[in-house]
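S.K.: Residue numbers (this note's numbering), protein chains in the order written: chain V, 12 to 334; chain E, 12 to 334.
These aren't lab readings, by the way, just hints derived from the structure by calculation.
Treat the hints with care, as some may be off.
Which copy is meant is left open, because identical chains are indistinguishable; a pair holds if it fits in one copy or across any two.
[Said to hold, decoys possible] Each computed SDA-like pair below joins lysine to any residue, with the alpha-carbon atoms no more than 20 Å apart: (1) Lys319 with Met302; (2) Lys114 with Asp144; (3) Lys319 with Ala94; (4) Lys114 with Gly46; (5) Lys77 with Asp199; (6) Lys114 with Arg47; (7) Lys319 with Arg271; (8) Lys319 with Asp93; (9) Lys56 with Pro102; (10) Lys322 with Asp93; (11) Lys73 with Phe279; (12) Lys171 with Asp214; (13) Lys319 with Val287; (14) Lys56 with Ala45; (15) Lys171 with Asn207; (16) Lys179 with Pro242; (17) Lys292 with Glu325; (18) Lys171 with Val143; (19) Lys73 with Pro333; (20) Lys73 with Pro158.
Here the structure is a predicted model, which is why all the values come from computation and not from measurement.
There are 2 protein chains.
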Amino acid sequence: MKRIMLFTRRDLLAGSAAAVSTAALPAATAAQPAGRQTPGVYRIKLGSFEVTALYDGTWFRKIDGKFVRNASSADVNRALADAFLPPNIVPTSFTALLVDTGKGRVLIDAGTGGQLGPTTGYLGGALAAAGVDPKRIGTVLVTHFHPDHINGIRDKDGAKVFPNAEIKVPAREWDYWMDDARLSAATDAARPQFLNARRIFRDIAGEVMRFEPGKEAAPGIVPLAAYGHTPGHTVYSIASGRQSMLVLGDTTNHPWLFARYPEWQGAFDVDGSMAVAARKKLLDRAAADRMLVHGYHFPFPAIGHIAKRGKGYEVVPTMWQPL
Amino acid sequence: MKRIMLFTRRDLLAGSAAAVSTAALPAATAAQPAGRQTPGVYRIKLGSFEVTALYDGTWFRKIDGKFVRNASSADVNRALADAFLPPNIVPTSFTALLVDTGKGRVLIDAGTGGQLGPTTGYLGGALAAAGVDPKRIGTVLVTHFHPDHINGIRDKDGAKVFPNAEIKVPAREWDYWMDDARLSAATDAARPQFLNARRIFRDIAGEVMRFEPGKEAAPGIVPLAAYGHTPGHTVYSIASGRQSMLVLGDTTNHPWLFARYPEWQGAFDVDGSMAVAARKKLLDRAAADRMLVHGYHFPFPAIGHIAKRGKGYEVVPTMWQPL
Chain V
12 MKRIMLFTRR DLLAGSAAAV STAALPAATA AQPAGRQTPG VYRIKLGSFE VTALYDGTWF
72 RKIDGKFVRN ASSADVNRAL ADAFLPPNIV PTSFTALLVD TGKGRVLIDA GTGGQLGPTT
132 GYLGGALAAA GVDPKRIGTV LVTHFHPDHI NGIRDKDGAK VFPNAEIKVP AREWDYWMDD
192 ARLSAATDAA RPQFLNARRI FRDIAGEVMR FEPGKEAAPG IVPLAAYGHT PGHTVYSIAS
252 GRQSMLVLGD TTNHPWLFAR YPEWQGAFDV DGSMAVAARK KLLDRAAADR MLVHGYHFPF
312 PAIGHIAKRG KGYEVVPTMW QPL
Chain E
12 MKRIMLFTRR DLLAGSAAAV STAALPAATA AQPAGRQTPG VYRIKLGSFE VTALYDGTWF
72 RKIDGKFVRN ASSADVNRAL ADAFLPPNIV PTSFTALLVD TGKGRVLIDA GTGGQLGPTT
132 GYLGGALAAA GVDPKRIGTV LVTHFHPDHI NGIRDKDGAK VFPNAEIKVP AREWDYWMDD
192 ARLSAATDAA RPQFLNARRI FRDIAGEVMR FEPGKEAAPG IVPLAAYGHT PGHTVYSIAS
252 GRQSMLVLGD TTNHPWLFAR YPEWQGAFDV DGSMAVAARK KLLDRAAADR MLVHGYHFPF
312 PAIGHIAKRG KGYEVVPTMW QPL
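One chain only, chain V, in its complex shape:
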C-alpha cells in the first residue's frame, strides 16, 4: 500500500517521445483549436459599485542594461527568473479599470490603443465581451500621460474612442507635458512623449478637465498625488459603502521587479528617487491597511493585495470568484 509513485523524468516526457496514436479517436472529436486568447474581463463588487478589470494586452519589452537605472542586468534577470519568466524581456501587461457606479461608467486609463505592437490593443474586445459600448463611457480618468495610458483615447485614425466621455487629467501632468518650453528642452528620448501628448489632447484641449488631487474626480473616486514616475502621476481611491480600493497606476511597473525591489528606478521614471519614495509610501500604506489594490502593469486581472516580504513587497493576486 505504501508504493506511492514510480515515475521518472523519462515518464514525464513519454508523451512527446511516444508515437502518437490517433486512429482510435471518434470523428466527433476532430476540431480546430481556437488559436487566440479569450478576452480578459474580471469583475468585483465594491460596495454598490461594480469594478471591471479590462485586459489590453502585453508588451514583451526587450530590455538592456539601462532598463533599471540602479540594478544590473543580472539582478533584473534573476528577478524575472524568480517569476518564471525568460531573461531580457519584461512582459509589461496593461489592464484598465472600469467603474460602474450605478449612475455612470468611469474608465481609469485608456489602454495602448494597440500602439505597442500586435500583442496589445485588446481593450475594445474586452469592453465588448463585458457588454459595454464605448459610447456609454461617461468619464475617462487618466493617471499620467505615458502613451500606454492615453493612446487608447483615440483610434489609429485619430477618432475619439469614447465620444461621449468627459476626459479628466491631473492638472500637474497637463502642465508638464503640454508646456512648449519643456518640449523644446526635451531630450531625444523624451521628445516623442511630449509630441504624443499633443497628438492625443491638443485638438480636444477645451474638453479636457484638469483637476487637483484630493477632491472627487468622479462619484466615489478621489485622485491622490503620487508624483515621481511622471511629474503629475496620480493614483485613485475608489470607495463605495464600507469598501474601498486603491488604484496604483504606475506606482510599480512589473511587480516582480519593482514591488519586490522597491528601490529600483525604472528608466521610464521622470524622477527616479521621487518615484521610489511614492512607491514605498503607497505600498507601505496598502500593506499596513490590507487594502485592495489595482496595478495597471500587474498581471491580469491586476487586482490583489500587497504584503511586505523581506525588504520588498509581494502582490497577492485576488482569487477569481463569482460576482
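Dock chain E against chain V, hints included.
M.R.: Relative to the frame of chain V, chain E by itself:
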C-alpha cells in the same frame, strides 16, 4: 518639487463620505451593471497543443477545527489571512483543463456539475465561451472519484454531458470506490462518496476504460500515480514537442494552505500521510525542474509554477498573456 503626496486615511475614504454628485453626468452614461462574472477561460500553447483552463466555480467551504487534521483552526486562519482571505471559510475553486491535441479534445476532470451550491457549475458556460460543444469532447480523463471531479459527467437529470466522450479512469480508483465490500464497511462520512461514484458510473460501467499509470491515456498525456489523497489519485503529464506540463489534480487543495504547509493533512485525504508524501515528491520535482503545473483547486486560471519557499512551496501564477 519634493512635495510628493499629502494624503491621509480620511482622504482615501473621502469618496464614500462625500455627498455623491451625479447631476452633471451625461445621459449617455446611465447604465445597469452586468451583475455577474465573466466566464473563466484561459488558453496557453503547449508545443502543438492548445490547453484551455475552464473555471467551474468556487465552493465557499465553511470549515471547523477538523478541516486540517494536524493543524489548529488558528493556524488555518492565519494561512487564510496571509492570502487576504477571511477566516473560517476556504474558497475552494474548481478549474478543469481542456487539451486540444489538434486531433481531438481531452477534458481532464469534469467539474462539479453545479452540485456544490450556487457558486459552482460554470464549466458549461466556460466551454461555450471557449467555443467548444460538449459533444465534441472525445475523451474525459479523471484524476480521482471525489464528487467535484466526476459529477460534471452527468447533468442534474442524469444525462451524459459529454455524450461522445470515452471516459478513462485510474483502475485503482475504480477498484476502491466501486467495491461493494468497501461500501458496506464505509463510515457514515465516506458512504456518500461511494454511493456518488455508483450514481455516476454504474450504468455506463461498460463504457468506462480503466487504465494503469505510466502509459499514455490520450495522445501526449501520461497518467502518473500519486496515491494518498484517494487510493487511486492520479496526476497527468502533458507533453507536446519540447514543452510539457504537470496536471497536479488534488496534490494540494488550496495552495495557500497545503502548498505553503505541505505537511498538512486534509480531512478529505483518504490516507493523509501518503497524500503528504505524494505532495512533497511532486512539488519538489515541479520546483526543481521549474515545470509548468496546473492545480485543480488553484485560483483560476490554476496554471503556474511551484517555487520552494522556506519549508513549503509557493504557487507563482502564470502571467495572463495573448496566445
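S.K.: So, against the hints stated earlier in the document, which numbers end up violated here?
M.R.: Hints that this structure does not satisfy do not exist here, as all of them hold.
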